[in-house]
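Peer 1: Chains as they are written, first to last, in this note's numbering: chain L, 1312 to 1537; chain B, 7 to 258.
If you are wondering where the hints come from, they were derived from the structure by calculation, not from laboratory data. For each residue, glycine too, the CB sits at the ideal point set by N, CA and C. One or more of the hints may lead you astray.
Said to hold, decoys possible - Here are the simulated lysine-lysine pairs, DSBU-like style, with alpha carbons at most 30 Å apart:
1. 1527(L) x 236(B)
2. 247(B) x 1451(L)
3. 92(B) x 1524(L)
4. 246(B) x 1527(L)
5. 92(B) x 68(B)
6. 1331(L) x 1398(L)
7. 239(B) x 1530(L)
8. 239(B) x 1374(L)
9. 246(B) x 1398(L)
10. 1527(L) x 238(B)
11. 1428(L) x 1527(L)
Claimed, not checked - What follows is a list of derived Cβ distance ranges for each label pair:
12. 239(B) x 1451(L): 25 to 31 Å
13. 36(B) x 1527(L): 31 to 37 Å
14. 77(B) x 1452(L): 38 to 44 Å
Here is what each chain is made of, one letter per residue.
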Amino acid sequence: MEKYRIFDNELEKLTERVVKMSHLVEEQISNAILALNNYDIELAKHVIENDNKVDKLDVKIDKLCQKIFALQQPVATDLRYIISSLKINNDLERIGDHAVNIAKRIDALSDYTNFSKEFGVDEVANKTVLLYKDVDQLIKTHNLVLASDIFQNAIIIKDSCHKISEKIIEEMMQQKEVIVVATNIMIIVNLIERIASYSTNVAESIIFVVEGKIVKHQKKIEEEID
Amino acid sequence: MKNLKIHTENMYLYYGSKMALNNVSIEIPENKVTALIGPSGCGKSTFLRSLNRMNDLIDSVKIEGNIFIDDINIYDKNIDVVNLRKKVGMVFQKSNPFAKSIFENVAYGPRINGINNNNELTEIVEKSLQNAAIWDEVKDRLHDSALGLSGGQQQRLCIARTLAVNPEVILMDEPASALDPISTSKIEELIVQLKENYTIVIVTHNMQQAARISDDTAFFYLGELIEFGKTKKIFTNPDKKQTEDYITGRFG
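From just these sequences and the hints, can you work out the full model?
Peer 2: Next comes the structure, spelled out in structure tokens:
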């Protein structure tokens, strides 16, 4: 029984840390997108400074998972939970990095503050904030209905991102003076697309915890088998 | 398609009026390691012992249902139990070498089976000790007492003794539970090597050991076979909650 208690304490600690990480990342994305939409340089700086907190927590979660693997030798749901926590932690840290990378580009847009809005970047960015709110809830609740919402919404976001990028390229071909700002916007759009992609990774990891199924790359694998 | 070595159909076992195995049907493949796990008193050792009719030695035992090895019902009236136990060898929790030399321990089985030619016996002893991964440690002291060997060596000697009568199935009842980690790891490596030529069924309380060495795992509880499947599936995503609770240490 002793093992059970210590082990469960460790698992609770892990859950607390992953949930905290998710909150931090949610704050980072929300602020980065708010800074983007309002061209708020101060808020962008705040996001960049806060990355440190995300990184520190990332390392703490990694270390705790290592400790649990080494000392508790988890199996079954526990094993899947810890494997997934490691992967989710990694994905959240990447999402956090992308929020910071968005924040770092905002300063370069200041001469063309309407450029982003013209192409609907604010709209897709807001959708990404909402997408991440679902990710945060999914991490807390393991409610798989949210996972399918995330998959669907991520596809919509990625699709919008590709369309925006195409339009921006057309614009750049016509107006050479916007190349610098347009490139920055393109990079931001690409970062938003990556956040959507990492969000689906998190949803896949939660499905693995709950159902033990590996759902990533399924479409590709099915096509290959066909 | 894997070959079946052992299978049981609706097997019940009673100690007097107490039911110890309740409707166990299982298919154990050839040349694989099958681990039997479950809490004390769940019936796993009883099940193991019924595979070479060791339970016949207990008067109150009554068995219903069928146990087949190579499609032969081993509880059939015509079965020669001595031959059955030659074919289905057993290694116990506590190593039990005879108070004889290392050589004589291994030669004992072949001798009582009528092999008396010294050259032949020497060959069998050497081969058995080699297959039990202990030859290099004992080859220069074959005529020393087996009781002078370490616990881990004694257990491998007992495995050699089992191999010497050329079995097809080896039953192991917690063979490494009394050994230190180095001896345990030698026994585990040996078990994995032996499955090339033998079908191995092992009872273990060590979950990690079952996970490390077995191909299939059967979880018993209160005399019932709760779940049987690929070890990698049982230890990552078992179907039954009872199995999950047991292997994660949350039982009860």
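Peer 1: Are the hints correct? Go through all of them and say.
Peer 2: Here's how the hints hold up against the structure:
1. 1527(L) x 236(B): The given pair, whose Cα atoms are some 23 Å apart, holds under the 30 Å limit.
2. 247(B) x 1451(L): holds, 23 Å
3. 92(B) x 1524(L): violated, 44 Å
4. 246(B) x 1527(L): holds, 25 Å
5. 92(B) x 68(B): holds, 23 Å
6. 1331(L) x 1398(L): holds, 15 Å
7. 239(B) x 1530(L): It holds: about 23 Å lies between the C-alpha atoms, which stays within 30 Å.
8. 239(B) x 1374(L): holds, 27 Å
9. 246(B) x 1398(L): holds, 26 Å
10. 1527(L) x 238(B): OK: residue 1527(L) and residue 238(B) at ~20 Å, within 30 Å.
11. 1428(L) x 1527(L): violated, 33 Å
12. 239(B) x 1451(L): 25 to 31 Å: With Cβ atoms ~29 Å apart, the hint holds.
13. 36(B) x 1527(L): 31 to 37 Å: holds, 36 Å
14. 77(B) x 1452(L): 38 to 44 Å: Given range 38 to 44 Å: violated, Cβ gap about 52 Å.
Checked against the numbered hints above, the structure violates hints 3, 11 and 14; every other hint is satisfied.
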